[in-house]
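Enquirer: Keeping the supplied structure of chain A fixed, place chains B, C and D upon it in accordance with the hints.
Here is what each chain is made of, one letter per residue.
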Amino acid sequence: MGELLWLIPALPFAGALLLVLFGKRISRMLVSAIGVGSVGIAAAITLVLGIEFLSSRPDFIRQELWQWFDVAGFSPSIAFHLDALSMVFIFVITFVGFLIHIYSTEYMAEDTDYARFFACMNLFVGSMLMLVMADNLLLLYLGWEGVGLCSYLLIGFWYKEPANGYAARKAFIITRVGDTAMAIGLFMLFQHFGTLHIQTISTEAAQVWSVGNETAMIIALLLLGGAVGKSGQLPLQTWLPDAMAGPTPVSALIHAATMVTAGVYLIARMHVIFELSPVAMTAVAAIGAATLLIAGFAALTQHDIKRVLAYSTISQVGYMFLALGVGAWSAGVFHFMIHGFFKALLFLCAGAIILALHHEQDMRKMGGLSKKLPVVFYTFLIGAASLAAFPLVSAGFYSKDQILWLQLAGEKGNIWLYLAGLLGAFITSIYTFRMVFLTFFGEEKTHVGHKPTLAILVPLIILGVLSFAGGFIELPHNFGHVVLFSDFLSPVLPAVNVVEGLSQYEWMLQLLAAVVSLSGIFIAYLFYYKKPALIESLHRSEIAMALHRFWHSGWGFDQLYDTLFVRPYVYLSKLNKGDFIDSIYTFIAHITQGAHRLFSSTQTGVMRNYVAGIVVGAIMIITISLLL
Amino acid sequence: MTAIPMETGLLLAGILFMLGLISVMIRRNIIFMLISVEIMLNAAGLAFIVAGSHWAQPDGQIMFIFILTMAAAEVSVGLALILQIYHQLKTLNSDAANFMKG
Amino acid sequence: MELTFYIAASVAVLATIMVITRYNMIHALLYLVVSFLAVAVVFLTMGAPFMAALEVIVYAGAIVVLIIFVIMMLSLTREDVEQEKAWLQPKLWIGPALLSFVLLAELVYLLAIADMPATASAASYVDAQAVGLALYGPYVLGVQLSGILLMAGIVGAYHLGRQKKKVIHRFLQQEEAQKERSAAL
Amino acid sequence: MILVWLIAILMAGGVLAWISGKVNRSLPRWIALGSVLAVFGLTLYLWLSNPAPVLGSAWLVQYNMPWIPQWGISFSLALDGLSLLLLLLTFFLGLLSVLISWREIQTKVAFFHLNLLWVLAGIAGVFLTMDLFLFYFFWEVMLIPMYFLIGIWGHENRRYAAAKFFLFTQASGLLMLLAILGLYFIHGNQTGLYTFSYFELLNTTLAPEAARLLMFGFLAAFLVKLPIVPFHSWLPDAHSQAPTAGSVILAGLLLKTGAYGLLRFVLPLFPTATVEFAPWAMLLGVIGILYGAMLAFSQTDLKRLVAYTSVSHMGFVILGVFAFNEWALQGVVMQMITHGLSTGALFIIAGFLYERLHTRDIRQMGGFWSTAPKMGFICLVFVMASLGLPGLGNFIAEFLTLVGSWQANNWLTVFATIGIVLATIYSLRIMQKIFLEEHKLKQALPDLNAREMLIAIPMVVLILWLGFYPQPFLDTAQPSIREQLQAYTGSAPEREQVAEVAGPETKTIEVVLGEKKPSPNIHISKTLNQ
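Residue numbers (our numbering), protein chains in the order written: chain A, 203 to 830; chain B, 8 to 109; chain C, 59 to 243; chain D, 69 to 598.
Chain A extracted, bound-state conformation (with noise of 0.2 Å):
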């Protein structure tokens, strides 16, 4: 067993290597062939191990393929390491990917650019199965900027298009930041440990630092820097919504499903350092509840589909952060996987719409398209529900509800943050549902052109009972108590300790939680499809609409940015492109140029000055040697 692992990430990479060597030469259906069918493949293979795993569950598999390098001690090498939390990520990965992949086919089938588009999503793939399987630090590190780069690339992926080139980079070098945070803390942990080594951190850290130690403290919040930026957390979120300008399977793929998450992997991960430290702990839970209000009241304003699925997509993975911050490990990581299904299958549906109107992605442009995508309109339902944690039937509400539970029930909680939390919810339920009546509802403003095919609709359906059933698998002890997910990942993460004596409280919080989805989805029904007057009403406020100026420019984190960092950089280096260091070298020459005009300028080429010139000589040479 595991002899495998090393083809899940090598597929993938495989099919990237062969499309770009022969993506333009073979035909388009090979080209599907080989993108579609690695990741397929890679998917079964963790079918495969994913049920030998459970069957043997051990604690970890670890394959190594070769060392990477060995400097003095420091020996990372391109190694493997399964267990129960890369088996959940690797999961999400291959068949998330693998499905939208197969949507690909059909979405991407017009494009130009069809063997590139594969071969970048492959690469994805395949760097970010090898940052969630990585052994060490440093080779989540390349997966980590592997899957940055790949971003880079498909948010860019139409290039001719200024402004995607534009979000293409902004994602990148925004994430860069963060990552360069967590490499000096990868620096730290190497200082104090001697290898980048997952497990051995893990162990080691716990012997030698105590709870409250400030290395770790600083460790801790380094990574968590690169956790923020490639999880578009606070305040590295502004490149997130500008993402949007891939095409709509890579936001589906990379900024819904898996990449984003990234961050929450890597906390996880390095769980150990964080117990170690309740500051970064804290610092944890309080950028998650901060992001996912902040993100929440922005997606409320939006008018293009795939911004507000962003800024929900910000907002979703706060909460995971949020589970973090309170050590709810497994809660945090069960939303995710739960995210991963319906995130996608919203953005999958929002694809579809999108295409079937001619690239149309504004909502106020849609309306009534119940009726002309059925399917894509009732897997829109499923997962809208699920996003605003519609109770009882979706499985959002259960990953959801687990997380606000464990805000007050976890040691670590605290009220605020299960306010946040529950605020967080009632807003993700009006901006979800704003969305489902403004597209779905009303009359039809675009003539529908294209209608989906089965490459489209099955992974929507897939996705749809995914987003459904998902849930299921971890209920609350109060009714059903299935705790088949928590328990799968307790060898890796530790429990959340529960504060005594509140058990008997939850039904009170979840039917609190439920009211709260519910009054949100009220409150969208009437506002944008009973009364639309409510909102004629409060166009007219001035305070509203400043608010919605403001929301709807993401809190103005673009322009903050844009006039602390980006315009003075830019301004500064402008300013000294000629480089004012040279005009030092420059000022020199000019000095000896100078020199050299007036010595030459006394060779006036008459000799009779010369000869008058020896004479003064002469003349000087013997008065002075009179004198003396």
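No lab work stands behind these hints: they were computed from the structure. Small disclaimer: the values here were computed from a predicted structure and weren't measured. Be aware that one or more of the hints could be misleading.
As the list claims (entries may be wrong) - Sample of chain B residues with no beta-carbon within 10 Å of chain C, all distances over it, derived:
1) A104
2) N105
3) M107
4) K108
To be verified - Which stretches of chain A does chain D cover? Using the computed rule of at least three CB atoms under 8 Å from a CB of chain D, they are:
5) 234 to 247
6) 263 to 270
7) 335 to 344
8) 374 to 380
9) 389 to 398
10) 769 to 780
We put the beta carbon where it would ideally sit given N, CA and C, even for glycine.
Expert: Quick look at chains B, C and D alone, frame taken from chain A:
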């Protein structure tokens, strides 16, 4: 044979030299400049003769012979140069030959 | 003898003044001959008869004749005399004269302050024999060098004096070609 | 003897190529190709055959012959792992330089190849020689042909660039000559043995003041060559004006001679003075990283842009050299190799573009991906390499350097790491301006042809190899790096009072290093949390 004071002889050499020098400085005609240089050379030779006669040694006269040789060589080369300059520039104006001015 | 010296000296000075003030080159050269002859007389009074002879032969003879030949080759006209007059403006004299007089004054001062011994002997006559012995004795190297110098002078004069076609340095060739091209256009 | 052959073949090949230009126009190219291939083969053979170390040290091959014995000058060559790697790089890039000039150079072909081969010979000599006089000699040998390469076959402003290059390097080289002579006489006075031999001079004991002055003499030459801000200003001009082969050699090799000099001479000769100077040197390195990156961002001339990225990348070199530990030095060696490849490749791409468009102005480019995807892909690889993407060689280099420098100085390392973000900014700008956006030109840009692919593919393969399995290179360099570090093993850890960020407890972890290869020279006992 009454000796002439050396100062007088040297003064004469000095005056002749000065006259040649003035001429070199004011003339533009390159042949005149050559003539002036000859005057100066002659004056220098005179100074040697005066000094040699003062000490009753042959060395002064030998120096004069060397100066003479040098003057002869100088005049021949100088005149050849003048001819060249005249052919190239069609003038004897020394100021016209100022291609190497800075 | 003293009187001879003073007369010859004044003739030399006057003739030289005439040389440097002439506009006509031939006139100047004639005065120059006079000046050289006067200096030859001075040499005689100084007890150097052989040098006097050389002065007459080489300076007054060979050199001046050479210059005259060149002047003849250049076939100078009245215009050149006019040109010389135009070049030789009176105000030009001031600076050089001033400089030269300063130099002369310094010479006089030096001569005045130097305490020179009286003439070594009355018989300050040095004959050609003594000169010849010294020349081919201690100064033989100088004679050789003079020979080389004369040789160089001859070769140089021959080389320079030849009428050649215009030769342009290779650095200037391109420039020249460009000039021609632009002229052609 | 094989070492002499390396230099002799190149020099003779150069002369032969020059002469053969009279016979046939393309003969010089073939002769140059043949001689570079020959030396590359020889070096490769040396690497693969792995000769046994001589003298029981890091040295693999040695050659010694008296040259001017009266003054203690000998023709002394020696090869260790560091030189071997750099020679490999030299001849590999030399090979590419011959190939890229195949079309580009059409005037004075024979003389071009003479200069090209002599530059390579000079560089090889610099990497091999163990006699300081000879070192200076080769230092000049590589300078003068380079001057011609820039001055004759360069672009529009070539005279200026060539003169600037020459003046900077020559002036700083003369300072080094002074320092060499100073060392020579001090050593002679002390021991009575007047010699330029590197091995003898290593044993010179120097007064601190003298050591400092001599070190600055050496540093002058190497820092200008490297180059380090504020001595970098010759580089953008020289790089942007040189022909492609010249840029490749400049960026790929000539800069490396500076780094090599630091490693080979400055570190072992002046151990105490360098330790004193280290924080300043590292500061200069960091300034270079940030300043170079910032300037690179604003350039519109593609070659100039790449030149400034070199300034930025070379900052890592000096940062690593003055961190005095094996990680950093290995990182530096890797950086030398990978930077040679990646920047060389970027210059080559700039050359390809220039051949097609006759401009280096990136404002006139754009959208070439649609017509030249192969070129775009290769450019993408090297752009990613220059921003330090893991999986490509530059990442290993930068990461090791930073890991090493972190041990020496935390805050400077933090700023150096920020340099990586800036590298991202300028690197992506290259990609964006040239290959993305709308196609601006009327005519389609022809994609790479077979010859150009032949140049590009090996570089891609190499940079990937270096990224995923750099161990052979690291192993080759290791003994000589330990050799250079010998003087520091005692003093370095005390200096590393790095724990500004550490907590209150004191606990010591003995990190056991390299079980397979015990490393006596590097023992690291880090005191945590002081």
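Enquirer: Determine for every hint whether it applies to the structure shown.
Expert: Comparing the hints with the structure gives:
no.	hint	in the structure
1	A104	14 Å, holds
2	N105	15 Å, holds
3	M107	12 Å, holds
4	K108	16 Å, holds
5	234 to 247	violated (count 0)
6	263 to 270	holds (count 3)
7	335 to 344	holds (count 3)
8	374 to 380	holds (count 4)
9	389 to 398	holds (count 7)
10	769 to 780	holds (count 7)
Hint 5 from the list above is the single one not met by this structure.
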